[in-house]
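S.K.: Same order as they appear, the protein sequences are chains A and B. Take 15 as the starting number for the first sequence in the numbering used here and just add one per residue. Take 1299 as the starting number for the second sequence in the numbering used here and just add one per residue.
Note that these hints are calculated values from the structure, not bench results. Glycine is no exception: its CB is placed at the ideal position from the N, C-alpha and C atoms. Honestly, I wouldn't trust all of these hints.
Claimed, not checked - Cut-off 30 Å, straight-line C-alpha distance, at most; resulting in silico cross-link-like pairs (DSS-like, lysine-lysine):
no.: 1; chain 1: B; residue 1: 1408; chain 2: B; residue 2: 1338
no.: 2; chain 1: A; residue 1: 122; chain 2: B; residue 2: 1640
no.: 3; chain 1: A; residue 1: 122; chain 2: B; residue 2: 1338
Stated by the list, open to error - Cβ pair distances, simulated, as ranges:
no.: 4; chain 1: A; residue 1: 488; chain 2: B; residue 2: 1329; range: 44 to 52 Å
no.: 5; chain 1: A; residue 1: 394; chain 2: B; residue 2: 1773; range: 36 to 44 Å
no.: 6; chain 1: A; residue 1: 491; chain 2: B; residue 2: 1397; range: 36 to 44 Å
no.: 7; chain 1: A; residue 1: 42; chain 2: B; residue 2: 1376; range: 53 to 61 Å
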Amino acid sequence: MNKIVIENYTAEFGESFTLDQVNWTIGPNQHWVVTGTNGSGKSALAAILAGAGDYVSGSISGLPERVELVSFEAQAELIDRELKKDDADIMDVISEGTLVREILEEGKSDNPDFDAALLEELIGKFKLETMLARSFRKLSTGETRKIMLIRALVNRPGLVILDEPFDGLDVESMAMLNDLLQSQIDTVPMVLVLNRFDEMPEFITHVAYMDKGRLHHSVDINDKQAYDDLYQLLHLKTTDLEVPETDDTDRPPALNPEDPLVRLQNIRVAYGDNTVVDGLNWTIKPGQHWQLSGPNGSGKTCLLNLITGDHPQCYVNDIFVFGMQRGNGETIWQIKQYIGYVSTALQWEYRVSISLRNVIISGFHDSIGMYSKSTDKQKQVADQWLELLGMKDRADQPYNQLSFGDQRLLLIARAMVKHPTLLILDEPCLGLDDINRQLVLALIEKICASGETTVLYVNHHAEDQISGIHEFKQLTKAT
Amino acid sequence: MSNNYFNTLPLREQLEQLGKCRFMSIDEFSDGVEALKGKKMVVIGCGAQGLAQGMNLRDSGCDVSYALREAAIAEKRQSWKNATENGFVVGTYEELIPTADVVLNLTPDKQHTSVVNAVMPLMKEGACLSYSHGFNIVEEGMKIRDDLTVIMVAPKCPGSEVRNEYVRGFGVPTLIAVHEDNDPKGEGLALAKAYAAGTGGHKAGVLMSSFIAEVKSDLMGEQTILCGMLQTGSLLCFDKMVEEGIDAGYASKLIQYGWETITEALKYGGVTNMLDRLSNPAKIKAFDLSEELKVIMRPLYNKHQDDIIDGTFSRVMMEDWANDDKNLLGWRAETAETAFEKTPAGDVEISEQEYFDNGILMVAMVKAGVELAFETMTAAGIIADSAYYESLHETPLIANTIARKKLYEMNATISDTAEYGCYLYNHACLPLLEDFMKGIKTDVIGKGLDVADTGVDNARLIEVNAALRAHPVEAIGTTLRGHMADMKKIV
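Just chain A, same shape as in the assembly (with noise of 0.2 Å):
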């Protein structure tokens, strides 16, 4: 292992962003977390180490040759790709994609150090047999991120960044993955990017802190005092919040409040022979707020899609959403304007260089990107929505330029805008710091309490409890 070397480094993504002047050592038998807020260059500091950004000026010694980088716009990019395939059907044929022992196998040709017998493993460890003959393309976000992580790993790096792994992961594969990256420690050094200083695995060594693009602070994790102070920093907490109004003019029609606004009744839900969801019962009423949970593929998305209407077969369900039974003539435009919703796949779908107040306004009009002429009154909601998350200054900027993290928040403030009857919370904190998460938190509290709107809330961390929410659902894996 060599000492890895970076001194008054300068490389700028894209045009917003600039890494500034880094001067940080990694040593041998170091293990790095690298934290800070949404947008302060955490990612970009680690990514620079595989590779990324454009350089400006300074030097980076010792690297090795191999560096795996996981991290969700690695990811994104494989799904991108994986969709691309499916893209150009001029032909009219529907592609299955890539199966996921090929994307496990990938590295085997052109790397000699590749582990198949780590790999075999790693399989057996995660329960992955039946997943591997699987198109990528149809896993869940949490089992896609265990992929990359595996694939990562039995290319036998030098060096393996790791960004945000354990988001999307459910409490089962956290201490595996726990597990997994500690019996690593001896043989490769890693570098962690981690929004939530809660789930700084035990092997870590050392923390940086990024603001702005610059690298604050270097923390060994056995002086004290300095660790101390670092965690504060990290927990300033948020103020009086309030919820913005909302633009009253495109209503829809009242609901009748004896009706339940989801009644889901013997659902099956089957791909093939393979069962996903099996006779299962669930009523939502009015006002009550629920939390949904289970581990990874357990079938939570498709449940949400039910409800939605993005799940095609919502048709051949017994399903009844505002006041609608499925499959009478109703239109899905019909369903979404009683949702908001936010999760990681939205996220993905959502790409395109709208401007960050237009995002916000998509959400009146449930649409990705926009489409229509939006009102003064909306204009003026999506602004106080941009000053609540602190982005008021670049209410004009492109969407697509944001970090991952000030995407995801303002996802969520689009799905909040129009005070929808069911706000549905798929995962919502997924890749949000830790004062951001406690101002997302703080502001489902309040619509809770506002009795206007029932929330459905999607989660793994059990700490992220809220305290409006009474009911809970848990789903298992079908077998």
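Once you have looked at the hints, place chain B on chain A.
M.R.: Just chain B now, kept in the frame of chain A:
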């Protein structure tokens, strides 16, 4: 043997039909899917296009089911899986067609005669038959029962995009038409509009055209610029680079991914933007090359358009269909044996800009092909809007198939009709460009211009820029792309 419908019409009528094309206002779609409410729609064929349209229509509140051949159901073929996994009712022709108010024929062209012959006797009195391509009616002269309404609704994008854009709350540009000989109740237009609205097409722009204009322009575009030019260009550029000593792996990669990269610029900002991606000297070079190419290739484009208009093309192709596709299969095998096809893309990094800088000739070929196809079509009486969609708009889609698996993928992916025309074009174009290629060196394909000084003459640059921007395909492109302003930008 079939009877070419177009050729039975008097000239006056032919001209009128060819010139039919009007960009519709969104206000014309305020009734939404009302005309289809309570009607039963049955889709035949469940490939990507059939599935995407069916899902969109269902999400817009329409009643959609799928009719498949008995064998496809019994053997649980892919089409059966596609339909059932997505929660649709599936049945045989006999079960579903007699109940249908609208039958959507979304099978490949080549099957149309047999499908329509099987379906027509089962259709109920006064129902509607919809096509997404008019070849069967116009070129094969299929006669549809007098009581049936015949319409066309053709989204101008692949199936996956038809679905994705709808889910985003948008749609894709769509062409609609009514076959006037089959509009007994005068409801054809209302049905076609409702169908287009149900797929989301009205949000991205709808062209009201005719069966004839659609067929004659579609055939022209696909066999010349879209597939033919890219195939010929790939073969010539590859052989030239190898001959000049450029690494074959690099040459293969530059071409395989180059078409996609340069036509991405075309998609966003037309021919002008594609050339604006070049340095000033390279732009002038590409412009000059394309002017030269246009002079050489114009007679070929004219011949293709003439053969399409008078039915020669479809007659010859259908003779090959009747002869077990002898020519088509022979040409397909021949393409697989070309040096370009057999050389895998090398493991070299090529930046996005490098595809432009080192592919000046490719840029020139795309420009020449797009402009020639557009000019030839409009000279034949086809309206600019149609000509734009059938030339420039679709080029990036085809380029994308080459990026995936070279010419093999392109030819496997496009319809048999396009593939047949592509080979015709390629065989005529290769010898036509032989002399031209003798003068080509690596400065315009493979290495980029070798100039220390990127200065150019002001007057010349102004002239070239003005000529680029003044071409009629750019004027109509600016207008039509304006309707698609929010087109997804992939980061």
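S.K.: Determine for every hint whether it applies to the structure shown.
M.R.: To see whether the hints hold, each was checked on the structure:
For the hint linking residue 1408 of chain B to residue 1338 of chain B, the alpha-carbon distance of about 26 Å falls within 30 Å, and the restraint holds. Taking the CA atoms of residue 122 of chain A and residue 1640 of chain B, the gap is about 23 Å. The hint holds against a cut of 30 Å. Distance restraint check for residue 122 of chain A and residue 1338 of chain B: the Cα-Cα separation of roughly 52 Å exceeds the 30 Å cut-off, and the hinted pair is therefore not satisfied. The hinted window of 44 to 52 Å between residue 488 of chain A and residue 1329 of chain B holds, with their beta carbons roughly 47 Å apart.
A C-beta distance of roughly 38 Å is found between residue 394 of chain A and residue 1773 of chain B, which places it inside the suggested range of 36 to 44 Å. At roughly 41 Å, the beta carbons of residue 491 of chain A and residue 1397 of chain B sit within the given window of 36 to 44 Å. Checked against the hint of 53 to 61 Å, the C-beta distance between residue 42 of chain A and residue 1376 of chain B comes to roughly 54 Å, which is consistent with it.
In this structure, only the earlier hint numbered 3 is contradicted, and the remaining ones agree with it.
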